[in-house]
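Q: Here are the chains, one letter per residue:
2 protein chains.
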Amino acid sequence: MNGELIGDKVILGGEALKELYDTSYYGRPRGATLELSLTEASYLLERAKITIVLNQRSLSFAEFFKIASMRMENFELKYLVYKDLKERGYHIQPSTTDFRLYPRGKRPGETPAEDFVHVISERKPLPLTELIFFMETAENVRKGILLAVVDEESEVTYYEVKRAMMKGDMKPVDHVKEEALLLEDRVVIFDSKLAYFLYHNGFFGKLLEERLQLSLVESAYLLKKKIIEIVDRSGNALSLRKFTGTATKIEPTFKRKLDIYEDMRNKGMVVKTGFKFGSHFRVYKKAEPMKRLQHSEYLVHTIPDDHVFLLPEMSRAIRLAQSVRKQMVFAYIKNKKVKYIDIGRAKP
Amino acid sequence: MNGELIGDKVILGGEALKELYDTSYYGRPRGATLELSLTEASYLLERAKITIVLNQRSLSFAEFFKIASMRMENFELKYLVYKDLKERGYHIQPSTTDFRLYPRGKRPGETPAEDFVHVISERKPLPLTELIFFMETAENVRKGILLAVVDEESEVTYYEVKRAMMKGDMKPVDHVKEEALLLEDRVVIFDSKLAYFLYHNGFFGKLLEERLQLSLVESAYLLKKKIIEIVDRSGNALSLRKFTGTATKIEPTFKRKLDIYEDMRNKGMVVKTGFKFGSHFRVYKKAEPMKRLQHSEYLVHTIPDDHVFLLPEMSRAIRLAQSVRKQMVFAYIKNKKVKYIDIGRAKP
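In the order they appear, the protein sequences are chains A and B. Under the numbering used here, the first sequence has 142 at position 110, and the numbering climbs by one with no breaks. Under the numbering used here, the second sequence has 125 at position 93, and the numbering climbs by one with no breaks.
For the record, the hints were derived by calculation from the structure and aren't laboratory data. Accuracy of the hints is not assured; some may be wrong.
As the list claims (entries may be wrong) - Derived SDA-like pairs (lysine to any residue); straight-line CA-CA distance at most 20 Å:
#1 B:Lys98 - A:Lys308
#2 A:Lys98 - B:Glu242
#3 A:Lys98 - B:Lys299
#4 B:Lys323 - A:Glu185
#5 B:Lys299 - B:Leu160
#6 A:Lys281 - B:Lys299
#7 B:Lys98 - A:Leu214
#8 A:Lys287 - A:Arg265
#9 A:Lys194 - A:Ile365
#10 A:Lys209 - B:Lys299
#11 A:Lys308 - B:Glu345
#12 B:Lys323 - B:Leu239
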């Protein structure tokens, strides 16, 4: 079959409608002709299913590839992803969001597409706002999103992006109100009864012999809930505002971390530091007072609402979470509400 | 035994020389008395081995702890690390670099200390220059370094820092000189003979059907070695300078990546992208032409020579490398020479 390259489309005659469209779902019918996108045409040309002419001359694959890459932005990347998904046996169609992907084993017409596929180069920074826009667009038509990230060596990695449901079963701890001491950058409770109580009933802090070391967010949270009082080394009691001010000097993003910590604690989750995993928090859904915590389900990293993801960094965070069997969640605050996005490796 | 808190020392009488110094290696003799550092004193006080007086009054552990934290910078952190290493059964002594650590099972006097221990808070950024200074100071007296990083919840993670020896067994590829095409942000070789040759003999690029996709660093390296020529889509041949300029627009740190890539290739290593691991490169020591690459030994991340490590980020990189059984290496350029630092989790 022979097609003609016109602008960023390849137009084939009526016989293609039957052979390519009806049986294999390539292209879109335009009256008696079939119109292929450059990625579709390239795929069929490489497989020698079609020939393509321009100015009465048949194009080699290399010639077509070069011209296509000048006529369509990111053609090389899109073609890599198109081809990869085709070879995995999926039906995939061009769309305003790069591609629409059909569920495995399902054909267009039989079921609606399941995911929007967005093709991105590893090198292109991805603003959170853009990611949210992708997500909301897809949500509105009940589809998922797949980010197809193409690396330097043209390998494709897929990420699934969805909202995370954060919900745990931890009960709030009772009010006890005892004194805790603010040292340089951490808070210590020397009263061993309170230390045991907070540790075993709320999984707050770390027990060292008979005393409890609290992190800054834990301390601020307990202070806010009026469960502890905090005094500095000169014996002065600190208000929440004063303590938050001190903590912000030590850690500039303290306020955001505290708000997100509080939101998760309020939702019944146990939240501990995620330092060893390079994230702000590790988070447990299940917690039984007086028992040891088991496996944490999430790594949560807090980001500002104008955050721009660098994909190699995002990749590292997700890869690490996966290697320790946790879900990677990014948390941000929008209009005073905490939002959670779960980004995970997908294996289509 | 009773000691007196004077400044940032605790001074004990002659009987301590025998009981604490001779048998357990605490403190330093000063004439007929024994002088303990605040960390040593705190450890012995918590274990009720000594009492400590200030102004004729015996101090509780909580009182002593509070005073010590005002008299010594980072006292809480240092005490946590001191105690942790003691409890792991090590002999450890105060030093200008926080502590000196003796080999497991060895006592001071019996052998020299093996490592300098530097105590750092997770929150404190660590300049590369400072890390190099630590390393060179230790190298001069043939010791290793252990970074003891204390996280928010007072957990200690240890890192070993050393120079990495980068050396592989890959032979350079011969000159062939064929044409490659620069597309938007990658280079393609359509000549299938050259494609196979470069891929199978040098592990360059990624084979897609009959063509080879090269990354920007690979392309610049092959151009510099006069193994390929690069033309743009208008058919113009590009000089190395021109190509590097274009690549730098796409990737601002291109020049540094290229210099380090070249250095490793010159040392006989096979260097591929490390995107999936969030690093610049994954690196193989062993490579046999015409065979598949086996397991890569290193993840290499390039950093500027004025880099400042954020410890949670560093922790993430190292943790990830470890989870895929690779060593994490940071590479930088100093006085036109490429240097490699290997940072790994240590389990003392």
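Q: Decide, hint by hint, whether the structure agrees.
A: Hint-by-hint comparison with the structure:
no., hint, result
1, B:Lys98 - A:Lys308, "28 Å, violated"
2, A:Lys98 - B:Glu242, "16 Å, holds"
3, A:Lys98 - B:Lys299, "35 Å, violated"
4, B:Lys323 - A:Glu185, "18 Å, holds"
5, B:Lys299 - B:Leu160, "24 Å, violated"
6, A:Lys281 - B:Lys299, "46 Å, violated"
7, B:Lys98 - A:Leu214, "9 Å, holds"
8, A:Lys287 - A:Arg265, "23 Å, violated"
9, A:Lys194 - A:Ile365, "16 Å, holds"
10, A:Lys209 - B:Lys299, "63 Å, violated"
11, A:Lys308 - B:Glu345, "9 Å, holds"
12, B:Lys323 - B:Leu239, "14 Å, holds"
Violated hints for the displayed structure, listed by number in ascending order: 1, 3, 5, 6, 8, 10.
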